[in-house]
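Chains A and B, in that order, give the protein sequences. The first sequence maps to residues 63 to 213 in the working numbering. The second sequence maps to residues 17 to 425 in the working numbering.
Keep in mind the hints are simulated off the structure, nothing from the lab. Where is the CB? At the ideal position from N, CA and C, for every residue including glycine. Heads up, a few of these hints could be off.
[Said to hold, decoys possible] Per the computed footprint, the stretches of chain B lying under chain A, defined by three or more beta-carbons under 8 Å from a beta-carbon of chain A, are:
no.: 1; segment: 112 to 125
no.: 2; segment: 390 to 402
[As the list claims (entries may be wrong)] Only part of the chain A face toward chain B is listed, based on derived beta-carbon distances under 10 Å:
no.: 3; residue: S101
no.: 4; residue: E114
no.: 5; residue: L115
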Amino acid sequence: MSRVVRWLALVAAAGTLAGCTRIVGPVRTAEDYELKAASTADAVLSGVRTAELVVDAADRGRAFASYVAVALDDAEGDASGAAATFASLQPPGPSSDQLRDELDALTSEATDALATLRITARRGDLDQLAAQAEPLADIADRLAAFSEQHG
Amino acid sequence: MNKVLGITLGILTAMGGFVDIGDIVANSETGARFGLGLAWAVVVGVIGICVFAEMAGRVAAVSGRPVFDLVRERLGAKVGLVNLLASFFITFLTLTAEIGGIALALELASDVNYLLWIPVAGLAVWLVIWRVKFESMEQIFGLMGLVLVVMAVALWRLGPDWSDLAHQAAHPAVPHGEGHATYAFWAIALFGAAMTPYEVFFFSSGAVEEGWSRRDLMLNKANVFIGFPLGGVLSLTLMGLTAVVFQPAAVSVGSLSQSALPVSLAVGKLGLALVIIGFFAATFGAALETGLSCGYTISQYFGWPWGKRVRPREAARFHLLVLVALGVAVGVGLTAVDPIKVTEYSIVLSAAALPLTYLPILLVANDRDYMGESANRWLSNLLGSVFLVVLVVVAAVTIPLMIVTKAGS
Numbered sequence: 063m064s065r066v067v068r069w070l071a072l073v074a075a076a077g078t079l080a081g082c083t084r085i086v087g088p089v090r091t092a093e094d095y096e097l098k099a100a101s102t103a104d105a106v107l108s109g110v111r112t113a114e115l116v117v118d119a120a121d122r123g124r125a126f127a128s129y130v131a132v133a134l135d136d137a138e139g140d141a142s143g144a145a146a147t148f149a150s151l152q153p154p155g156p157s158s159d160q161l162r163d164e165l166d167a168l169t170s171e172a173t174d175a176l177a178t179l180r181i182t183a184r185r186g187d188l189d190q191l192a193a194q195a196e197p198l199a200d201i202a203d204r205l206a207a208f209s210e211q212h213g
Numbered sequence: 017m018n019k020v021l022g023i024t025l026g027i028l029t030a031m032g033g034f035v036d037i038g039d040i041v042a043n044s045e046t047g048a049r050f051g052l053g054l055a056w057a058v059v060v061g062v063i064g065i066c067v068f069a070e071m072a073g074r075v076a077a078v079s080g081r082p083v084f085d086l087v088r089e090r091l092g093a094k095v096g097l098v099n100l101l102a103s104f105f106i107t108f109l110t111l112t113a114e115i116g117g118i119a120l121a122l123e124l125a126s127d128v129n130y131l132l133w134i135p136v137a138g139l140a141v142w143l144v145i146w147r148v149k150f151e152s153m154e155q156i157f158g159l160m161g162l163v164l165v166v167m168a169v170a171l172w173r174l175g176p177d178w179s180d181l182a183h184q185a186a187h188p189a190v191p192h193g194e195g196h197a198t199y200a201f202w203a204i205a206l207f208g209a210a211m212t213p214y215e216v217f218f219f220s221s222g223a224v225e226e227g228w229s230r231r232d233l234m235l236n237k238a239n240v241f242i243g244f245p246l247g248g249v250l251s252l253t254l255m256g257l258t259a260v261v262f263q264p265a266a267v268s269v270g271s272l273s274q275s276a277l278p279v280s281l282a283v284g285k286l287g288l289a290l291v292i293i294g295f296f297a298a299t300f301g302a303a304l305e306t307g308l309s310c311g312y313t314i315s316q317y318f319g320w321p322w323g324k325r326v327r328p329r330e331a332a333r334f335h336l337l338v339l340v341a342l343g344v345a346v347g348v349g350l351t352a353v354d355p356i357k358v359t360e361y362s363i364v365l366s367a368a369a370l371p372l373t374y375l376p377i378l379l380v381a382n383d384r385d386y387m388g389e390s391a392n393r394w395l396s397n398l399l400g401s402v403f404l405v406v407l408v409v410v411a412a413v414t415i416p417l418m419i420v421t422k423a424g425s
C-alpha cells in the first residue's frame with residue numbers, strides 16, 4: 063500500500079511541477095522551429111485581437127478603467143510571454159535565422175503597441191485608446207499571414 | 017422563502033464545482049477553441065456529480081455522518097489513507113488556486129496587482145470560516161454567485177446563431193487545427209472539474225453541519241437536482257460566450273479578464289461589474305469549500321471533532337488545520353505561481369484520483385448496515401456502476417494524455 067501512496071504522491075508532484083513551470087522543449091529540425099514560430103505568431107495574434115476587443119469595449123463606454131488596464135496588461139503579458147519563449151529557442155541552423163528575425167520584428171511591433179495601450183489605460187486616458195489601437199489591425203493581419211505561411 | 021434558502025448548500029457547492037477559477041478559465045478556453053463541441057463533457061459531468069452527490073447527501077442524512085468518516089470505518093485505515101492523501105492534495109491545490117482567483121477578481125475591480133490581494137483574500141476567507149454561521153455563509157455566497165446569470169443575458173444580447181450553437185453541441189467534432197488527443201484532454205479536464213472530489217466532501221459534511229436527517233432526503237434531492245444542473249448551465253453559458261466572441265477571432269483564453277470580456281461587450285459596465293462580483297463570489301465560495309474540506313477530510317479520517325457546529329475549543333484541531341491550510345495556500349500563492357495553471361492541473365489530477373473518491377461512496381451507499389431501507393436502489397446502482405467504469409478509464413488515461421498533449425496546449 064505504501065508503494066501506491068508513494069506513486070500517487072510522485073505523479074501528483076510531477077504533474078504539479080509540470081503545470082507550474084514553463085518547459086521549453088528542444089527544437090531539432092528547421093520544420094519544428096517553423097511550426098513553433100507559427101504557434102508563437104498565433105499566441106501573439108491572440109493577444110493583439112484580445113486588445114482590439116478590449117479597446118472596442120472601452121471606446122463604446124462598456125468597460126471601466128481598472129478592468130481595461132488589467133485586460134490590456136494580460137493581453138500584453140500573453141503576447142510578450144509567447145514571444146520571449148520563442149526567443150529563448152536556439153535556431154537549429156543558419157537557415158532558421160531569417161525566420162527568427164522576421165518573427166522577432168513582428169512580435170516586437172505587436173508587444174510595443176500593446177505596451178503603449180496598457181500605459182495609456184493605466185493613465186486613465188481611455189478616450190485615446192481607439193486612436194492608439196489603429197495599428198493593431200495591420201499587425202494582426204501580418205501575424206495571421208505569417209502563421210498561415212509557416213503553420 | 018425557507019425552501020429557496022434550503023437549497024443554497026447545493027447552489028454553493030455547485031458554484032464551487034462548476035464556476036470556480038479553474039472552471040471559469042477551462043470553460044472559456046474550451047469554448048474559444050472547440051466552440052460547444054465539448055458541451056457533452058459538462059453534461060456527462062453534471063449527471064455524474066448528481067448521481068454521487070445524491071448518494072453522499074443521503075448517506076449523511078441517514079447516518080448523521082459524512083462520507084469520509086464512513087470510508088475509513090467501512091474500508092479500513094489503509095484504503096482511507098490513500099483516499100485521504102489523494103483528496104487532500106488536490107483539495108489543497110484547489111484552495112491555493114481559489115485564493116489566487118479571489119485576488120484576480122479583486123484585481124479586475126481595482127487594478128491593484130493580485131499578489132497584494134492574496135493575503136487579504138486568505139484573511140477574509142479565514143474570518144468568514146471562523147466567524148460566520150454555516151447557513152449564513154452558504155446563503156450569502158451561494159446567492160451572490162447567482163449574479164453570474166448575467167452571462168446568460170450577455171449571450172442572449174450577443175444574438176448568436178442559436179441553431180449553429182445547438183448543432184455544435186449536438187454534433188461534437190474536433191475542429192481543424194486541433195488534435196484528437198487534445199480534444200480528449202480537455203474533455204477530461206471538464207469532466208474532472210465537474211466531479212471534483214471536494215464537492216462531495218463539502219456537500220456531505222455540510223449536510224451534517226446543517227443537521228440533516230431522514231426527513232431531509234427530499235431536501236437532499238432538491239439541492240442536488242437544482243444546484244448542480246444550475247452550475248452546469250452557467251458553465252455551458254460561459255462556454256457559449258467565448259465560442260461566440262473568441263472562436264471566430266482565433267483568440268485563446270488564459271486569463272480571468274478575457275472570461276469577463278464577452279459580458280462587457282454585450283451588457284456594458286453594469287454587466288461587467290456583475291460578472292466580476294459573480295467571479296468573486298464563486299471563487300470565494302470555492303475557497304470556503306476547499307478550506308473547510310481540508311479540515312473536514314483530515315479530522316474525519318482521524319476521528320477528531322470537526323465542523324462549525326461544534327465550539328472552536330472542542331474542534332481545535334479542525335480549526336488549526338483550516339488555518340494552516342489557508343496560511344500555506346497564501347504562502348504558495350505569494351510565490352507568484354500562476355493560480356490558473358494550478359487549478360487547471362488540480363482538476364486534471366483530480367480526474368486521475370476520481371475512483372478513489374467515488375468507489376467508497378458507492379459501497380457505503382449500498383451498505384444496509386448504515387443505510388437500512390435508504391440504501392441504493394437499482395437505478396442509482398446502475399448509474400453509479402456505469403460512471404465508475406468511466407471514472408476508471410478517465411483515471412487511467414489522464415496522466416498519459418497530459419504528457420502527450422503538453423497539458424492541452
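Against the structure, the hints:
1. For the segment 112 to 125 of chain B, the assignment as covered by chain A holds, since 3 residues bring a beta-carbon within under 8 Å of that chain's beta-carbons and 3 suffice.
2. With a cut-off of 8 Å between beta carbons, the segment 390 to 402 of chain B has 0 residues touching chain A; three or more are needed, and the interface restraint is violated.
3. Residue-level restraint check for S101(A) holds (minimum Cβ-Cβ distance to chain B is 9 Å; threshold 10 Å).
4. With a cut of 10 Å, the hint placing E114(A) at the interface with chain B holds, because the nearest CB-to-CB distance is about 8 Å.
5. The interface hint given for L115(A) holds, since its Cβ lies 6 Å from the closest Cβ of chain B, which is under the 10 Å cut-off.
Consistency note: the structure conflicts with earlier hint 2 alone.
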